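2 protein chains.
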Amino acid sequence: MSVAVNVADLRAAVRAVVAGIERRNDIQILGCVQVKSDADGIAVTANDMDNKITTRAPAQTGGALDVAVPGSRLARVLAALDTETITLTAKGKDLEFASGDATGILYGLPVDDVPVMSASFPASRTLSMPAAGLRAVLANTLIAVSTEKTRYYLNGIYLHGRFMASGALALSGVATDGHKLSQQDTTLPEGAHGAFHPSVLGCILPRKSAGLLLRLIGPSPVGDIEVSVDQVRAKARFRLADGTELISKFIDGVYPDYYRVIPREFTGNAKIGRRELLSALRFVTSVCHGNSSTVLMRFDGTRLGVMTKNEEGGHAYTAIPTVASKPIEIGVNAKHLCVLLAVMDAEVVVVRYSDASGPILLQGDGNDTLRQVIMPVRI
Amino acid sequence: MSVAVNVADLRAAVRAVVAGIERRNDIQILGCVQVKSDADGIAVTANDMDNKITTRAPAQTGGALDVAVPGSRLARVLAALDTETITLTAKGKDLEFASGDATGILYGLPVDDVPVMSASFPASRTLSMPAAGLRAVLANTLIAVSTEKTRYYLNGIYLHGRFMASGALALSGVATDGHKLSQQDTTLPEGAHGAFHPSVLGCILPRKSAGLLLRLIGPSPVGDIEVSVDQVRAKARFRLADGTELISKFIDGVYPDYYRVIPREFTGNAKIGRRELLSALRFVTSVCHGNSSTVLMRFDGTRLGVMTKNEEGGHAYTAIPTVASKPIEIGVNAKHLCVLLAVMDAEVVVVRYSDASGPILLQGDGNDTLRQVIMPVRI
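Line by line, the protein sequences give chains B and H.
This note's numbering numbers the first residue of the first sequence as 928 and each following residue consecutively.
This note's numbering numbers the first residue of the second sequence as 928 and each following residue consecutively.
Wrong hints could be hidden among the right ones.
No copy labels: a pair is met if it fits in one copy or bridges any two.
[To be verified] Using 27 Å as the maximum straight-line C-alpha spacing, the simulated BS3-like pairs for lysine-lysine come out as follows:
| hint | residue 1 | residue 2 |
| --- | --- | --- |
| 1 | K1020 | K1236 |
| 2 | K1018 | K1236 |
| 3 | K1253 | K1076 |
Keep in mind that the hints were calculated from the coordinates and are not lab data.
Since the structure is predicted, the reported quantities are computational estimates derived from the model, not experimental observations.
Just chain B, same shape as in the assembly (with noise of 0.2 Å):
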C-alpha cells in the first residue's frame, strides 16, 4: 500500500534529521534515515547511537511504510522535485516513488539493522518549559564548550537544576574548556521541578548534541519544550511543539565542582560597552600574525586601553570609554573573550577583577542569569 505525502513536508522532515548524520559514515546504517508511516503520518528518524531525531509529516493517505534508505540520497531526490505530491511505497527493503512524471526506487537496508534507543521516560522526570529558555541555556554555553578529548566530560554542557536568590528554581548551564567559563540559567515554571531539581544530579549534554537541539530549536522559538531525563540510562529526550524529538546519551562522566572557580570577592570592576570592546578587540588582533591573539587591557580610571602585545607581525593600540574603580593592567586572550562577549545580551558589560592573574568576571549590565569567567594570561 502507497502513502502520497506533500513534497515540501516531506523535504522539510527529512532535512532536519539529515543534518544530524555524519557525513562519512563507514557504518551504512547510520547514513540512512528510517521512513515509517503510523496513524498519524509519517516519521523521519535518524540515529548515530548517541543522538536519534525524529521528526513528522502529516500523510495524506494511511498506508504501511517502513523503510531505511540513505538519508542525503533521499534529501537531493525531493530537493529535485518541483511537483505537490509524492506517493512512497516499500518494495522488501527498498523505497519506490512516484511524483508527477517523475519515478524511481531508492535502494534501502533492512529495517532490522537501525540501531534500538529505548524511547522510555519516568513521568516524574518530565518537565515542560519555554524553548526560548532552553535556547539560551544551550547557545550562551556551547561557546565554552571545550573540544579537548582527554577531559572528556568538559567536552558538554553541563544541565543541573539550582535554586536562584528569589527562592525560584532554575535550570543552569555550564561549560568551561579551562581558559573560559560559560554559566546561563533560566528559570523553571512553578511545579516543573522533576527532571532537574537540585537534589538530583545534574547530566552532561554532549556537544554534538547541543548543536543539534539548538538547530531544531532554531533561532527564535515560540512555545513550549517537553524534557525527560532518565539519570539511570543516562539519556534525554527533547520534544518540539511540532512533534520534534531528540533522544541523546549524555557523557558518563563527573563535571567537576565549576562553583569554586567562579570568584565571590573582587577589588575592582569597570563598565564598558560591550560593541566598542569587541571592536577593539577586533582591530587589535587583526594586525597578529598567524593565531596568536593576547592583548593587555589597561584600565586607568575614565579609558580602557587595548594593545597587542606579540608583535611579531606589528602592533597596535586604540582606546575605549569605561568607569574603572581601579586602575589595572590584565593581558587576555582576545579570542576567547570576543566569543564570550558575542553572546552576551546586553549594551554594557560589567568586568570584575582583582588582580592580573586571578578570575575576571564578565556579566551583562542588569543581567544576572549569564556569567562568564575568562581567566587572564601571564604578559
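Once you've looked at the hints, dock chain H against the given chain B.
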C-alpha cells in the same frame, strides 16, 4: 609625509587585490600588497608572478608612500575600523597607520623584493570593448576549462579573433576538457581589431587569471574595458573603467585545432526547455551513488525520457516534452551537461546529433554566439 585615505575606499581596493593572493604562500613577498602613493592617489598592487592586480583609491592629501605589507593582515585592519579616514605613513619598510583612537604599525618587507612585471604594451595591440561582452566570453567558457595537468595547454581559455558569418570581427573564447567544449563569441566594436585579428595567433588565458578578471569585472558590468595583448612577451593587460588593472601571463603552448571537433553536419535535432532539462537531470542523478552521473536520454519524437544507467544506489526515470526529428538513445554525463546548460542564456535548447557515439551540439534557440559540444558516454 602622511597620506590620508577614506577607509571604505582603501578597504575596497585592498579586498579586490587580496582576493587574488594565494592564502598560504611560502614566499612571503607574494602574500604582500604594495601600497604606493602617486599624483592621483593610492595604488594597491598584488603580484603572484603570473598575475598582477592593481586597484586605486583616491587620496585626500599627497605624500610619498611606498611599502609592501602582508595583504590579508592589512585587509583585516581595514575591516576592523569603523572610522571614516585613515592616515598612512611609511616608517622605513613598515606601514604606520592612525584612524581615530586606533593606531598601529604593520611590519613590511622591502619593496625592492616585489617581483617586477613589465607593464608596457604595444599601442597597436590595444582595443576597447564592452566589459559585458568580455564577461560573457570568460564566464561561459571557464566552466569547460580542463584541470588536468598533463595537457597544460587546455588549462585556460583560448582567446582569438575570428570573422562572424556577417563579416564582423569577433573575439572568441574556447575551452575544453575533452568531455565538453564551450565557445562564446562577442562582436568587437568597429575598428577594434589590433589585439585579436584572425591573422594574429590567439592566446591561452590561464584558468586562474580568467577567474580573477571575472571577479574584477563583476556580475553585471557597464562601460568598456581596455584590452592589450603582447603576443611576443605572452601577456595581456585588462584595464577597467575605474582604473583597476590586471596583467596576466599566457599559458605558453599551442591550443589544439578545436574547430575540427565541432561537427557541421547532423542527422537529427530536438528542442527542449532548458530549465526542464536541468530539473530532469538533477532529479535523475539524485538517486545516484557517489560521483557517478551517467544518464540515458531517449528521444522518441514528442518526449525525452531521462533515466539512470548506473543502478548502484537506485534508479529513477522522468520525461519532458520535446520535439525531436529522429528517435535516438544517447548516454551522457549529467554533471557535464548541467554545467554547460547552467551558463546558457536561453529558454529553449537546440540539441543536434547524428548517432549515439558522435559529438552532440548544444545551442540556445536564437543565439548563435554560444556553441557547446558534449561527447556521449558509451552505455
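Comparing the hints with the structure gives:
no. : hint          : verdict
1   : K1020 x K1236 : between (63 Å within a copy, 21 Å between copies)
2   : K1018 x K1236 : between (67 Å within a copy, 20 Å between copies)
3   : K1253 x K1076 : neither (39 Å within a copy, 64 Å between copies)
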